[in-house]
Amino acid sequence: MLRDYIEKKRVEKKILIMTHIVIGAPDLETSYQTVKAMVEAGVDIMELQIPFSEPVADGPVILAANQTALDRKVTVGQCIDFAERVAKEFPVPFLFMSYYNIVFKYGVNKFAEMMSAKGLKGAIVPDLPHEEAAQYLAAMKKYHLDPIFLYAPTTSDSRMKEISSHASGFIYCVARKGVTGVDTSFSSDLDEYLQRAHTSTDLPLALGFGVQEKADVDFLKGKADIAIIGTQSLRVLAEKGVAGVKKFIAGMQ
Amino acid sequence: MLRDYIEKKRVEKKILIMTHIVIGAPDLETSYQTVKAMVEAGVDIMELQIPFSEPVADGPVILAANQTALDRKVTVGQCIDFAERVAKEFPVPFLFMSYYNIVFKYGVNKFAEMMSAKGLKGAIVPDLPHEEAAQYLAAMKKYHLDPIFLYAPTTSDSRMKEISSHASGFIYCVARKGVTGVDTSFSSDLDEYLQRAHTSTDLPLALGFGVQEKADVDFLKGKADIAIIGTQSLRVLAEKGVAGVKKFIAGMQ
Amino acid sequence: MAAHKGYFGEFGGQFLPEILHATITGLEQVFETAKHDPGFWKEYETLMQNYSCRPTPLTFAENLTKYFNGAQIWVKREDLNHTGSHKLNNVMGQGLLVKRMKKTRVIAETGAGQHGVATATMAAKFGFECTIYMGEVDVLRQRPNVFWMERLGATVVPVKTGSRILKDAINEALRDWVGNMDTTHYVLGTACGAHPFPEMVTWFQSIVGIETKKQILEATGKLPDRVYACVGGGSNAMGIFSGFLKDTAVECVGIEAGGRGIATGEHATRLASPDASIGVSQGYKTFFLQDDDGQMKETHSVAAGLDYVGVSPILSHLKETGRVRFESATDAEVITALSLAVKKEGLIPALESSHAFAGAFREVSQMAPEQIIIINQSGRGDKDIFTIADALHDPKWRDYIKDKAGEYNAS
Amino acid sequence: MAAHKGYFGEFGGQFLPEILHATITGLEQVFETAKHDPGFWKEYETLMQNYSCRPTPLTFAENLTKYFNGAQIWVKREDLNHTGSHKLNNVMGQGLLVKRMKKTRVIAETGAGQHGVATATMAAKFGFECTIYMGEVDVLRQRPNVFWMERLGATVVPVKTGSRILKDAINEALRDWVGNMDTTHYVLGTACGAHPFPEMVTWFQSIVGIETKKQILEATGKLPDRVYACVGGGSNAMGIFSGFLKDTAVECVGIEAGGRGIATGEHATRLASPDASIGVSQGYKTFFLQDDDGQMKETHSVAAGLDYVGVSPILSHLKETGRVRFESATDAEVITALSLAVKKEGLIPALESSHAFAGAFREVSQMAPEQIIIINQSGRGDKDIFTIADALHDPKWRDYIKDKAGEYNAS
Ligand SMILES: Cc1ncc(COP(=O)(O)O)c(C=O)c1O
Ligand SMILES: Cc1ncc(COP(=O)(O)O)c(C=O)c1O
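Residue numbers (this note's numbering), protein chains in the order written: chain S, 1 to 253; chain C, 1001 to 1253; chain F, 2001 to 2411; chain A, 3001 to 3411.
Derived from the structure by calculation, the hints contain no laboratory data.
Dumping the calculated DSSO-like pairs for lysine-lysine here, alpha-carbon to alpha-carbon at most 27 Å:
(1) S:Lys73 to A:Lys3160
(2) C:Lys1118 to C:Lys1008
(3) F:Lys2214 to A:Lys3042
(4) F:Lys2005 to C:Lys1141
(5) A:Lys3066 to F:Lys2042
(6) S:Lys36 to S:Lys88
(7) F:Lys2042 to F:Lys2099
(8) F:Lys2099 to C:Lys1177
(9) A:Lys3042 to A:Lys3102
(10) F:Lys2066 to A:Lys3102
(11) C:Lys1142 to C:Lys1110
(12) C:Lys1009 to C:Lys1118
(13) A:Lys3297 to S:Lys73
(14) S:Lys177 to A:Lys3099
(15) S:Lys247 to S:Lys221
(16) F:Lys2102 to C:Lys1177
(17) S:Lys13 to S:Lys221
(18) S:Lys221 to S:Lys161
(19) S:Lys110 to S:Lys142
(20) F:Lys2066 to A:Lys3099
(21) A:Lys3103 to F:Lys2066
(22) A:Lys3066 to F:Lys2103
(23) A:Lys3160 to F:Lys2402
(24) F:Lys2214 to A:Lys3214
(25) F:Lys2160 to F:Lys2297
(26) S:Lys14 to S:Lys247
(27) F:Lys2246 to F:Lys2222
(28) F:Lys2102 to A:Lys3343
(29) S:Lys110 to A:Lys3297
(30) S:Lys161 to A:Lys3005
(31) A:Lys3035 to A:Lys3246
(32) S:Lys73 to S:Lys88
Listed next, the stretches of chain F that the computed footprint assigns to chain A, with coverage defined by at least 3 CB atoms under 8 Å from CB atoms of chain A:
(33) 2039-2053
(34) 2057-2071
(35) 2114-2123
(36) 2134-2144
(37) 2334-2345
(38) 2382-2388
(39) 2404-2411
In this text the structure is predicted, and so the values were computed from the model without any measurement.
Backbone N, C-alpha and C fix where the C-beta goes; we use that ideal spot for every residue, glycine too.
Please put together the full structure from these sequences, using the hints given.
Structure representation (structure tokens):
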């Protein structure tokens, strides 16, 4: 499972890098090339977002990517095929990221079964709190998949523990209030929050929302196990293409 | 006074003709020529309307004439001068017709004094019922002028008597409901109404509103003393000019 | 009949063509009977409760009070009436009289269009035929109201004579009435015109004052120090003042349309400026904006409903006796007052009503915190969106209208 | 917390990003406290009496009753609320909670614009900062409401993502909230969204049902046989139904937007058509109009306020239990129903509310004269003039707009 993978990798690397793409944005072929480039640039884990029409937790950039993919009629079926292909071809763990309705409509149990069959390792569903997740948790468990849950700066210590008790793989720490794609100040507040997170769980910690440059990643060394690069790689993709992304991710290491 | 004049004239003529102009419509010179033509055509009495901005009892044709005159900035002073001139030049009795505000603003007493000085014989003020007319009645009396009052088909027998007790000169019988310038059906209803009017007063009766052609005038012979031609001569003036009016009025005799 | 029937001091009277005498006498009688029949008022009140939303609230304007830091400001909410103004009070009352008279058709003049919409609404509710006369200028500037009148089944006749505004619509309605009075009642929209209209309209509108007095006493235990109302024809002012005229400690203040400023001559201020003089027109005697010959002048106000040459004879009398004080507010002051009321209280007064706000705002700071003023919000401003958007030069509104026009041109 | 917190049968729940957990829990708590504090409801009622005009009347529609010659038709007059619809009830209630939470800013989504205007009004009244999210499409078709929101001091943000309508505005409001929840309360406009919104909005709107029940019993001594309400998110329907759900003899009928007809797919009928299926979005579980992948579909209605993919989880539950019957009415039927209500009763229902009229009109003739139906007139139609004039192809309106545009182009 993911936790072992992360802990093993962390022996060699001070911090791991997780990146994110929206499947089908701007098109399926570019998505594929982006994954390839990211893996070649040394990424450690990848989030594959299945586009959804109502991505409430995403900011303008990822939101637009979701829309682009849907405008091009990218289906959930195509996303699964895509995930299967990259999971087969590339040696890093892949996670699905999407909103709960995608999972729910597919059938929660069927979705987990499918993930397992296609070689995915887990899923991030930001609008599914553990209180609503009984069926999902059972299915993920059954298929040995990691349900990644989120912490936020507003999450209390006791609630962190509660969340941790349902989570596996790692904890996705949201760096700040707000949606994806907005600046985060990497400051002592963040330190304190990550400290609280560490105390609450023995799972590895990933930090996301606002990681944009090498300095941010460096700041996180020793504080988190994984730096999550989301929006910024989409921006780079749009501006500099796949080659640019590769260089950008490589530069984060 | 008018009553004597009418009664004397009626010895020779089965029915007298009273006509109406709006002073200054379309302009003062045409008004003058129209009066001249009408007198030459044998008219017996003339109503000179001082234009007013709110002529509520008038229909579209006379209303428009009022507006035309006001648009050309015809003043009350000019109307008085005009009346003075025609009263001097032509041998028929002239009446002022206007709305009460013109009289009121001029000063009721002053107005009567002026009329007398300028050679006018009386006035028709359709929005001044006798109940509101105490000052006006006193002034008219003082200057030996005839205050002409109106009967309507809706006026009760007793009210006719009451009105008659304040009136002098003649009674202006409004032929029907509605404003000036709309068709009237000269029918047995009208007979009955004029019959009621006769019974109520020993003043001569004039009938106005809707007299348009010789047949109408003929119809009234023996029923009324005066046929009032109002709107129709304005229409003729507009269509056929002063010469046309002359022919039209002559044809009514 | 007594000599002074329908007079208030030297104002009022009944200056109508003879043809209307029987009709107006009939109306007088049915009104007198209704006035002395307590069942009638009850019927009226019940109708207004069930169809409109009487009693309308008296709202404490806490934020404006703080802002001006003077007297407490209370607002009587006639804007919450069905159709959006106090005009419905009068119209529904007259509707009940029309039923008693067994007439089947109603006609009315309208300026702002509020009275037209109210009358058309009443006609729909009571099943009367309905024709509304409206100056062509007003038809153009108040198209939304025309649209609703037509939907309500009324025929709207644009009046193309005279200045093509309210006074001309009144004339045209009178012309119709003179021809059709057997079947038709003329629903005059304000406390003007020949007797019994001023008294009758005031009576129906007195429901506002009766409620307000009760409400302010319940809420504060005191009478107000001042009551402000805008004055077009005078019906909303007479309505609210009615509740307080006997309480001589209560100052009543009527705010007229100052238009572009008294000095410019482009206004509709009859009582608070020396520009008007006494005259007789449209059936009654009062102060009119007229020239020395007695011809009525053109008037101007940003609020179509205040843009009128005459004024209630009752108010002229109350001005002469000093019981009511009159002031005016300019178009510009009115727009400012409107914006403030909207922002501070979430109230959207009609442009007409905003005159009352402007008048009050000018004075309230000089008053003491224990003092109380009431502003009559005679109507709501939604209807004025075209005018207000223009007054504020709202560019987005302009773009919207241009886009709409583009769509229409394309289709 | 219990597993079934905020659930109604299988619908409802609280599907929100973790970042909002503390905020929504805080809201739950303040709501629970208020709910159990009789003083709070009293404060709310008093506010609505003094600022809006509650209780709103229940009007007997005599002419429509005669016309259809079936059951007696009564109309609950939410159109008479300040700002013109039932939306104010919810908004003022939430405003009181915002005060309790000591927050200083409110945000809201709006479709038709009614909820936006109501929220901006509440914000002005309470002195809160205010941002309104509105789909760009709706900004365009509801410009008058945008104009008033801006005058009320609100910032209106046109949402350019997704289908650029109501659901996208909700998403954008959620995005704002996620970033600003310390100072900001999200004033959701209908009985949808994450717990406690469906229950809370229903609670505030239940003032409608409480009044209606009292009024119909007073007026007729009987309960109604049927109660009709339009269903967008479901707040006005839940509001009036609340009064009668326990009276099992009263049939509650919800009317959804049939748009261009169910068969065309261009509609917003979630419960009365087989086109919707259960899903989880925008914080809650309910029936959504979505494709097989779970992507939300585009919806259509002539009434912007009904043009929404989801529906109150409480109504989904009441549909499953059979307690409420759901029907739909097409755009065309709605325009016809609106015209009839206007002509016959002088009522101008909003396009949304006209759906309830259309649904009722379809059935009322088959009922008996001793039976009673109540239609919830959730709002007034003035605001819809652009849409209604278009639907009726009114040539004079078009000319008016073209002329106005001409003026703007010239200046
Ligand atoms: C909202 C409103 N207030 C006031 C007026 C002025 O009329 P009155 O002076 O009769 O109240 C009007 C006239 O249309 C109006 O619509
Ligand atoms: C007048 C009116 N009625 C009904 C609705 C629909 O909302 P709900 O179903 O929440 O009552 C709206 C929404 O904007 C509205 O403005």
